[in-house]
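Taken in order, these protein sequences are the chains called W and G.
End of the first sequence sits at 787 in the numbering used here; the numbers just go up one at a time, nothing left out.
End of the second sequence sits at 217 in the numbering used here; the numbers just go up one at a time, nothing left out.
Honestly, the hints are just simulated from the structure, not real lab data.
Check the hints yourself; a few may be wrong.
Derived DEER-like restraints, expressed as beta-carbon distance ranges [what the hints assert, rightly or not]:
{"hint": "1", "chain 1": "G", "residue 1": "Asn47", "chain 2": "W", "residue 2": "Asn696", "range": "52 to 58 angstroms"}
{"hint": "2", "chain 1": "G", "residue 1": "Thr125", "chain 2": "W", "residue 2": "Lys673", "range": "44 to 50 angstroms"}
{"hint": "3", "chain 1": "G", "residue 1": "Ala127", "chain 2": "W", "residue 2": "Ala666", "range": "54 to 60 angstroms"}
{"hint": "4", "chain 1": "G", "residue 1": "Glu210", "chain 2": "W", "residue 2": "Met742", "range": "34 to 40 angstroms"}
All C-beta atoms in this analysis are idealised placements derived from N, C-alpha and C, irrespective of residue type, glycine included.
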Amino acid sequence: MNKTVLALTYLSVLLVACTGKTKGVDASASEEVKLEQYIVVGRTLYLQHCSSCHQKNGQGLARLYPPIAGADYLENNIENVVCNIKNGLNGPLVVNGIEYNQMMPANHKLTPLEIAEIATYIYNSWGRSDGLVGVLDVEKYLRGCQAK
Amino acid sequence: MLEKEMNNRVSGLLAFMSAVMLLGCDLQSEKKLPYLGRREVNNSDTIYHTIADFKFVNQDSNYVTQETFRDQIYVSDFFFTTCPTICPIMKTQMLRVYEKYKDNPQVGILSHSIDPKHDTVAVLRSFAERLGAESDKWHFVTGEKEEIYKMGQTSYMVSAVEDPSEPGGFIHSGAFILVDKERRVRGIYDGTLADQVDVMMKDMEILLKEYE
Chain W
640 MNKTVLALTY LSVLLVACTG KTKGVDASAS EEVKLEQYIV VGRTLYLQHC
690 SSCHQKNGQG LARLYPPIAG ADYLENNIEN VVCNIKNGLN GPLVVNGIEY
740 NQMMPANHKL TPLEIAEIAT YIYNSWGRSD GLVGVLDVEK YLRGCQAK
Chain G
6 MLEKEMNNRV SGLLAFMSAV MLLGCDLQSE KKLPYLGRRE VNNSDTIYHT
56 IADFKFVNQD SNYVTQETFR DQIYVSDFFF TTCPTICPIM KTQMLRVYEK
106 YKDNPQVGIL SHSIDPKHDT VAVLRSFAER LGAESDKWHF VTGEKEEIYK
156 MGQTSYMVSA VEDPSEPGGF IHSGAFILVD KERRVRGIYD GTLADQVDVM
206 MKDMEILLKE YE
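Go ahead and model the full structure; you've got the sequences and the hints to work with.
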């Protein structure tokens, strides 16, 4: 008798758990998967294109290469971050109150999708969780970059 | 009876292990670094490959020559400040070497720019300062391009060649070259790999012991 009750309770818990997951949350679940995918690919691209200077942990190197982890430069500045990844950067740049002045190379070969993945990675790592940076947004930001 | 046998076995094992450990210590203390490069034998005297004389200018506009590294072992590499690929990794690794040996007067570091046209004294000074490197320990040098390339290829036995198709326009090996106080090359390591640089720093300890 007791066993039957237990089994039933167990089953109902399972059912609730299942419905809880699927019920009306389809969109956000797939968003979450997409975010996860962007972060994973973004990390690979980051290690390939960015980590030599900014280091694997995003800490930068001395006063030569600025940090990305914990950088105030990221705050409300996604447009410039995207443009810098694509076009590189010349001249002085202040990050967290420290001036850096090392040329950042352009990455003309990166596609908008790849830039979106890298941006998503750095905006969702090292204490940040700003969510997805989408391809359409990146394309929009890229159109707005100042021609160099 | 059984207990005694066990005891015998244990002590036998202990003796064996101690012997292995002692042997290990012995081997380590006697390990000597090789002499790299071509050698010649003259009447039973072996003449080893040595670094040729050089004269470059460092980040303080001072001349850097063999005399600069008198009574020092030193690590040499080739880079340029605008290199987007392996140089930042090399500098990250060399900074570890610098941090470890900055208070040891017997150790120096010599980084050659292979883009001396761009890497002027002022550019190198700014680069070194931002990296946090003191001039009397870590020399960043510039000079005649042909001279620097020749040193790289013939003395330090690494390649530093121009290639317009590469990002930055140069290809180079990323090697760290360990030189002893008699200008002989005692080790060449991949300066882009942290574990290779670990090996080099262990080798530097072994080399320094030769001069104790």
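Against the structure, the hints:
Separated by about 53 angstroms at the C-beta atoms, Asn47 of chain G and Asn696 of chain W satisfy the suggested range of 52 to 58 angstroms. Against the hinted window of 44 to 50 angstroms, the Cβ-Cβ separation of Thr125 of chain G and Lys673 of chain W comes to about 48 angstroms, which satisfies the hint. Restraint check, Ala127 of chain G to Ala666 of chain W: a C-beta distance of roughly 56 angstroms satisfies the suggested window 54 to 60 angstroms. A beta carbon spacing of about 37 angstroms between Glu210 of chain G and Met742 of chain W agrees with the range 34 to 40 angstroms that was offered as a hint.
Checked against the numbered hints above, the structure violates none of them.
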